[in-house]
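If you're matching them up, the sequences are chains A and B in order.
Under the numbering used here, the residues of the first sequence are numbered 2 to 117, in order.
Under the numbering used here, the residues of the second sequence are numbered 12 to 125, in order.
Note that these hints are calculated values from the structure, not bench results.
Incorrect hints may have been included.
Which chain A residues stay away from chain B? Per the calculated CB distances, all over 12 Å, these [to be verified]: (1) Gln7; (2) Ile12; (3) Gln39; (4) Gln43; (5) Gln46; (6) Asp86; (7) Glu89; (8) Arg96; (9) Thr106.
If we take Cβ atoms under 8 Å as the criterion, some of the chain A residues that face chain B in the derived model are [what the hints assert, rightly or not]: (10) Ala102; (11) Ile114; (12) Pro117.
For each residue, glycine too, the CB sits at the ideal point set by N, CA and C.
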Amino acid sequence: AQSVTQPDIHITVSEGASLELRCNYSYGATPYLFWYVQSPGQGLQLLLKYFSGDTLVQGIKGFEAEFKRSQSSFNLRKPSVHWSDAAEYFCAVGRGSGGGADGLTFGKGTHLIIQP
Amino acid sequence: NAGVTQTPKFQVLKTGQSMTLQCAQDMNHEYMSWYRQDPGMGLRLIHYSVGAGITDQGEVPNGYNVSRSTTEDFPLRLLSAAPSQTSVYFCASSYSGIAKNIQYFGAGTRLSVL
């Protein structure tokens, strides 16, 4: 069965500093990978996704992620964080052949704190 | 365009009571899913549907029933609520087909079972 590990439960970053959130997955075939963001009390918003092709994918709000098959990783990065980036971030992998439409397996999340 | 609408937003139940969490989407999406979110656990898939009349179990289906009689609606039923079902529930919908796949999430239903 597929699984997703987000090793960091909490990360604190100063405003303007760079950010990297780690994600490792376990999946037997080519994975369909996603990053979502959840602001307090809100639903989930898709930041970016990887299905195939270029291993560096660009998303919304200035985020990018790099797929590394050899490391089974899909780390999220941002060159300069803003206070509004404070939120919970979830990495997810599609469960089956539907590209995630038939369900996602989520990591436990990383809580991002921005210091002024 | 309403997207994915979940009702109610908040609900308090007593152990043993039943209720239905409603989910409706107006995007003509074929796929719909239910997740629960618990602190420190991320989101876990309860049930999903790939079209009207077709449902399947996810990771944590016990204690929950679903049906999909129309494309638009995908209700989640708790037949006999238990305190372990206290959680935030999210519904999501998506097109089929990898090229068009983006999952849209509702705002969630916060359920407390006493």
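Do the hints match the structure? See the list:
1. With a closest Cβ-Cβ approach of about 8 Å to chain B, Gln7 of chain A is found to fall inside the 12 Å limit, against its non-interface label.
2. With a minimum CB-CB distance of about 15 Å to chain B, Ile12 of chain A clears the 12 Å threshold, and the non-interface call stands.
3. In this structure Gln39 of chain A is not separated from chain B by more than 12 Å, as the shortest Cβ-Cβ distance comes to only about 9 Å.
4. Residue placement check: Gln43 of chain A does not keep its beta carbon more than 12 Å from all beta carbons of chain B (closest about 7 Å).
5. With a closest Cβ-Cβ approach of about 8 Å to chain B, Gln46 of chain A is found to fall inside the 12 Å limit, against its non-interface label.
6. At roughly 19 Å from the closest C-beta of chain B, the C-beta of Asp86 of chain A stays outside 12 Å, upholding its exclusion from the interface.
7. Listed as a non-interface residue, Glu89 of chain A fails to keep its Cβ farther than 12 Å from every Cβ of chain B; the least gap is roughly 9 Å.
8. Taking the minimum C-beta to C-beta distance to chain B, about 7 Å, the non-interface status of Arg96 of chain A is violated against the 12 Å cut.
9. Against chain B, the non-interface label of Thr106 of chain A is violated: not every CB pair exceeds 12 Å, the least being about 7 Å.
10. A hinted interface residue such as Ala102 of chain A counts as satisfied when its beta carbon comes closer than 8 Å to some beta carbon of chain B; here the least separation is about 4 Å, so the hint holds.
11. Hint status for Ile114 of chain A: violated, given a least beta-carbon distance of 16 Å to chain B, over 8 Å.
12. Because the beta carbon of Pro117 of chain A sits about 26 Å from the nearest beta carbon in chain B, more than 8 Å, this interface hint is broken.
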